[in-house]
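Asker: Residue numbers (this note's numbering), protein chains in the order written: chain A, 959 to 1156; chain B, 787 to 1120; chain C, 694 to 1113.
The set of hints was computed from the structure by calculation and includes no laboratory data.
Take every hint as true, because none was put in to throw you off.
Some, not all, of what chain A presents toward chain C, calculated at C-beta under 7 Å:
#1 Glu977
#2 Ser980
#3 Val981
#4 Phe984
#5 His989
#6 Ala992
#7 Arg1017
#8 Leu1018
#9 Pro1021
Model, not experiment: these values are computed from the prediction.
Cβ atoms here follow ideal geometry from the backbone N, Cα and C, with glycine treated the same way.
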Amino acid sequence: MFQVRIHGRGGQGVVTAAEMLSVAAFDEGRHAQAFPSFGSERTGAPVVAFCRISDREIRLREPIMEPDAIIIQDPTLLHQVDVFAGLKKDGYILINTSKTFDQLGLGDFIRDWRQERLCTVPAMELALKHVGRPVPNVPLLGGFAAVAGIIQLESVIKAIEERFSGKVAAGNVAAAREAYAIVKAEMEEARRKETEHA
Amino acid sequence: MSFQPVKFYQTGTFTVGNRLLPPEERSVQASTKRFNSINSGHRACQGCGEALGARYAIDAAMEATDGQIIAANATGCLEVFSTPYPETSWQIPWIHSLFGNAAAVATGIAAALKVKGKKDVRVVAQGGDGGTTDIGFGCLSGMFERNDDVLYICYDNGGYMNTGVQRSSATPAAARTSTTPAVGSDPGNVFGQGKFLPAIALAHDIPYVATATVADLRDLEAKVTRAMEIRGARYIHILVPCPLGWGTAAHDTIRMARLAKETGIFPVFEAEHGEIKSVLAIRHPLPVEEYLKPQKRYAHLFGKNPAVETIARIQALADKNIRKYRLQARKEGH
Amino acid sequence: MLKQMEGSRAVAEAVALCRPEVICAYPISPQTHIVEALGEMVKEGSLAPCEFINVESEFAAMSVAIGASAAGARSYTATASQGLLFMAEAVFNASGLGLPIVMTVANRAIGAPINIWNDHSDALSQRDSGWLQLFAETNQEALDLHIQAFRLAEELSLPIMVCMDGFILTHAYERVDMPTQAQVDAYLPRYEPRQVLDPSDPVSIGAMVGPEAFMEVRYLAHAKQMEALQLIPAYAAEFKAVFGRDSGGLTHTYRTEDAETIIVAMGSVLGTIKDTIDEMRQPENGGHKIGVLGITCFRPFPIAAVAAALKHAKRFVVLEKSMAVGLGGILAVNVRMAVTGMGLKGYTVVAGLGGRAITKKSLHALFRQGEQDGLEPVTFLDLDWNVVNKQLEREKAHRRTGPVAEALLRDVGVVGARNY
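Extracted from the complex, chain A is given alone in its bound form (with noise of 0.2 Å):
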């Protein structure tokens, strides 16, 4: 079983990313189960969603506290939620943010961890240009298919074109594709880097 646990702000579309993310899942033949943190929270508050992908029928019910992968919407989160709690060793990260894990004060943390689980995408400004409106959720989801390979990018698509229609579909369909290109990009350079180092 493979658990995503997303953090982002109210507004964010938290809740839809996971969502979507079990969709793409579940197009995919697999088990996925979505869930959001149940807050009464309003826009702008910090949130929560979980997913769990499996092949087997998903029977737990808990929240995920050791996760396999953490998005995290919205960089600002780093301050104020200890948005990794209970992230496995080695586990997936993807940050929106233009900025590097330096950049962000996580140099230390991530040390020794495997670079090219480490990704950033500026999902806020791919949403901007493709979508026109500053929501992240679903280039991170294209981003996220790069980064960990659980899910196929066109899962995350099929999954896109389910949920939007029209220019909305069209502009999240690309704004994924981009980030899904910028991740891949990433992690070939951070494997390219652990090969020089080795």
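Given the coordinates of chain A, assemble chains B and C onto it according to the supplied hints.
Answerer: Relative to chain A, chains B and C alone:
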């Protein structure tokens, strides 16, 4: 105006000369073929205004719909005296659910009829003033606001008579009830509280609002008949004196209702979509004492030291009604 | 057809397949998504003929359902928590009148303190209301139970609550197998009321009944629920024949054949319990002889089925998301009634109140303790004793200690988003 007052008063009485009318103009109750929706043999008190009002109202609704009426009833005197199984007086499909939900139950019935395409069958909800102005007010306001196809009839006797004459929000000022006893410096019910639900109904801009009393039964019938010509939320508020709660003689029920109207204490009007269309005019407004004095619930206002100020305040309320609802007929001649 | 969807949406689609004729809605979390979806279906015309009524309170919602059902319409509403309490008078009335209304209860805690998260306090507060109460373990079961509920309710002329865990199920996206309209039509006959408001055959419904017959009327309500104990498994079997899956029924056992310790629970926590039990049963983890009994039907309470499931065990642990304040458990009391005289050790565990997460980690420890008969008669799972004791001390020391909940939260020092 849907109702033409019958001028055939017999000399020296207020008895309406129904017999002097041609058959087609006679009241629903004058017909031997009336529906008898509430059959005889029920357990209402002698002189019960509510039983009289309900009989006229529901039979008129039945007449207007060719017998296609379903009634929802709030808990209260009407429900209790008319039903205990197996001796129900109701000759129409009738349901009692709770004290505070008659309007909502009626909404549900209307919805079911609509979904089943039974356009001819109409719904009447009814309750006393407690079930209408107090505990059932939320459901009633909701029914109004949604403009559900229900005629709601409130039988207002100014208190919770079923449970032993307690105050409701329709209890008039200074009236003695068992929860507003005639003791202390301001005996009886307080001034300036309570509510006149017909005015609140008007504020919902529903298609039809009317008031009536059991003193003008042809007026009441005409209003129910008019209400049944209209779809949507309709409200009729009927003043029904209660000999037990008011402390009046059983034979004075009609007289008390007439005095309530003739003093201006209870304005009788008819309104459509929030606008008053007509009133039952008062030819010579009577002083409120004539209405108050026969009622034991006001006995503390009279006697050796009459509560002149209190009576004056009640008179002022009646005068205000006369002004506000333009009740006084224009003086003729002179 | 397999679909990935939110539990609320799945229930709404299932209810729509049941062809409800009158739906009343009043918003309260976490049931709102269900009636929102149904409202949209009615407004766009895909669910027709159906009247969707936005009422002004839950009391009105149940009252409208009463009127509609008495006039012969298949009637549905949904609520939770405070909403269920607000309609309580009408809830009892609906069953007393024998009206087969189906209502979803998206289980949520009851305040004060106000809390929107899941537990079973709301539904269990209405356990003696005369309604049948079915508890779903998954969204699939929630969906299926609604289809069964309409059939059961209408056969018995009794209303049914289908209870599903608020947020945990209502807001969870997971796989469901959505039946076709043809399947549901084949399973669920048209509603033929036993009593109906009809001008061509007038009846008085809901009149006063005195001491001479009241007890008999009430007894018949009980007898009907006893009758349901036969009907529920029968309808679940028929359901399987039409839809091809096990859903509903009175109880479900899991790995109880050789179990010495049996956990008893209701609702979605059964999944977490099953996962825990699977792990405990692995040889490398000690091969614990432990199983679980899930109660699907809480009213009527399946005494015989519970007794049969527990009779070979040494002990049972009732894990419930509810509490009988001043006594212990609610489900536990019912289970103990079923095992009277069987000489079993029984433990009550109150867990997950107000959305407190019930984790595998906690269950592992709890179940091991239970196996060794190391539990108190009533245990509060994952209770923060430190915070509780601090408050008790404060109350001893000072008179005006202020609102309890505020004092506790100051001690807890909760951060807004830390609740995962």
